[in-house]
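The primary structure of each chain is shown beneath.
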Amino acid sequence: MLLDSLRKYYQVFVVSISEMFVWKLNFVLWRVRVVLQLLLLYFLWSTVFLQQEVVFGYERAQILTYIISVAFLRSFVLSSRSVDVAGEIRDGELTNFLLRPLSYIGWWWARDAADKVLNIAFALVELSLLWFLFRPPLILQPNIVLVLAALAASLIALILYFYFSFLLSMAAFWVAEAWGIRFLATMTLEFLAGGFFPLDILSAPVFRALQLTPFPYMLFFPAKIYLGQLGVGEVLTGFGVLISWTVFFVWAVQAVWMRGLRTYGAEGR
Amino acid sequence: MVAVQIEHLKKHFSVPQREAGLLGVVHSFFQPKKKIVRAVDDISFTIDEGELVGFIGPNGAGKTTTLKILSGVLYPTAGMVRVAGHIPWRREEEFLKKITLVMGQKNQLLWELPAMDSFLLNRAIYEIPKEEFKQTLEELVSLLEVEQLLTTPVRKLSLGQRMRLELVATLLHRPRILFLDEPTIGLDVVAAQNIREFITAYNKKTGATVLLTSHYMGDITQLASRVCIINEGKLIFEGSLAKIVDRWVNEKVIRVLLTNEPNMQELSEIGEVISYQFPRVEIRIPRAAAPGAAARLLQKFSVADLTIEEPPIEEVIRKIFTNSKR
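Residue numbers (the numbering used here), protein chains in the order written: chain Z, 1 to 269; chain A, 270 to 595.
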């Protein structure tokens with residue numbers, strides 16, 4: 001039973017990889033954008049450190065390690081193709097999935113897994129090249145416990161982001177222009193997740209407020225664990241908030257999905 | 270055994286309304302208006318196992334909505350439905366493995382990849398054992414003559430080719446009940462005929478139940494032993510095609526091929542002349558009077574050929590629709 005079920009989603013995984021190879025150029029261009037963004041941040045921060053040794057309480061190596069580890073985290077935490085869910089709901093493509101004995105959310109998990117595997121592979125190659133070219137001073141975390149904790153946090157963050165993104169897309173059950181919501185969300189999300197700078201350089205009240213939202217746990221939190229800049233208490237509280245948000249979004253997706261299906265009109269052609 | 274049972278099925282949609290133009294946009298932004306559309310409005314009928322039933326109606330009559338409810342995609346507003354003993358919208362795995370819905374205008378084949386990838390995907394999704402998959406695939410592929418098409422990306426294929434592959438993909442799990450929504454839409458005469466022949470053969474061979482919608486009468490007259498006619502969400506007729514003729518047709522048409530120019534006065538005494546273009550004449554006669562009228566025609570005119578025909582089924586259906594609107 002379980003094996004059959006796994007085979008289903010494995011096959012979706014295989015098909016998704018094959019499809020991505022059809023869209024080779026698309027994928028390569030996407031990665032070029034990612035690299036350009038990383039280079040931009042890298043040079044920006046390098047320039048800032050030309051004048052000073054310490055900026056906002058960070059040393060050069062710390063910031064650069066932060067930027068690069070966030071770039072790596074982004075490649076698998078914030079990569080999800082569930083953006084397309086909105087379109088499939090609006091155009092009635094969802095019908096094709098409802099007809100078959102297969103979980104739609106499972107389908108997207110398998111598709112995302114394919115996406116993430118390719119993205120990680122590319123990110124590793126790109127980052128090694130960049131390291132080779134610029135030889136930035138990087139911090140290698142010697143404490144294996146911290147590395148494992150950072151890894152665990154990013155895996156939970158990945159689940160959190162998947163359900164967050166899926167929830168946004170499901171707005172398409174009710175409004176025709178779900179992409180507007182999506183646009184706003186992606187713009188703010190990278191910023192609030194700490195994709196451009198470490199969030200603790202913000203003023204203390206803003207930073208404290210931000211820590212109650214799910215966003216800092218997607219990139220900032222795992223990166224900070226890796227850097228070894230959080231105390232045991234902070235790490236534990238962080239995990240608590242992260243897991244609570246994840247449970248909430250998993251629940252919300254199930255609840256909204258059940259309601260959405262009732263209003264689903266299977267329109268379009 | 271009853272395959273499909275529908276009682277007092279209703280499906281109402283609330284549809285946003287908007288006036289045209291900029292003012293309409295502004296107005297609907299602040300005061301959105303909605304209208305309730307009764308897509309399906311109290312329909313009841315049953316289909317026995319192995320039957321091939323045609324579902325006819327003009328665009329927007331509620332045919333597709335009914336099929337989508339029967340296959341579990343839509344929730345009904347009210348009413349009772351059982352398909353193969355299941356409540357469709359619960360979408361139990363066991364139910365989904367027994368049915369299929371083929372939509373003429375929507376493909377489940379993966380667009381960028383060759384059809385074989387979609388077949389393998391469906392094999393995994395439906396958990397079809399390897400041997401069974403191989404055998405079914407071989408059968409379907411040879412019945413639909415698609416051997417040559419399996420390795421070409423789907424988007425490179427013609428509409429007719431895609432439809433045949435779509436049928437393979439949707440039948441791989443050997444469903445017992447088939448819902449076909451406009452399976453011949455957009456196809457040329459030959460391709461449509463191929464699909465029709467396949468559907469008949471499949472129904473005969475596997476004994477599967479088929480419910481088919483179409484607005485091509487050819488599909489229905491050729492395929493279905495029984496029809497349900499639906500208009501504006503309501504079922505207005507259910508029964509065999511012969512029963513339609515009995516109930517709705519009270520006239521026959523006599524077609525005559527003349528050898529000499531006739532006296533029009535005498536001709537119109539026999540019946541209503543619907544068309545005259547020498548040497549062809551068409552006369553409409555009440556059903557009971559048809560044999561007598563034919564005899565008189567042969568007596569009074571020099572006739573090369575004469576046939577008595579039922580009016581074409583399209584015309585009959587059109588009459589039913591216009592009557593039901595009044």
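FYI, nobody ran anything at the bench for these hints, they're computed from the structure. Possibly wrong hints are sitting among the right ones.
[As the list claims (entries may be wrong)] Covered stretches of chain Z (in silico footprint by chain A; criterion: 3 or more residues with CB under 8 Å from a CB of chain A, positions within the stretch not fixed):
#, stretch
1, 10-19
2, 38-47
3, 84-97
The beta carbon of each residue, even a glycine, is placed where N, CA and C say it ideally should be.
Outcome of the hint check:
1. 10-19: Three-residue rule met by the stretch 10-19 of chain Z, so holds; n is 6.
2. 38-47: violated (count 0)
3. 84-97: holds (count 4)
Going through the hint list in order, the structure does not satisfy hint 2, though it satisfies all others.
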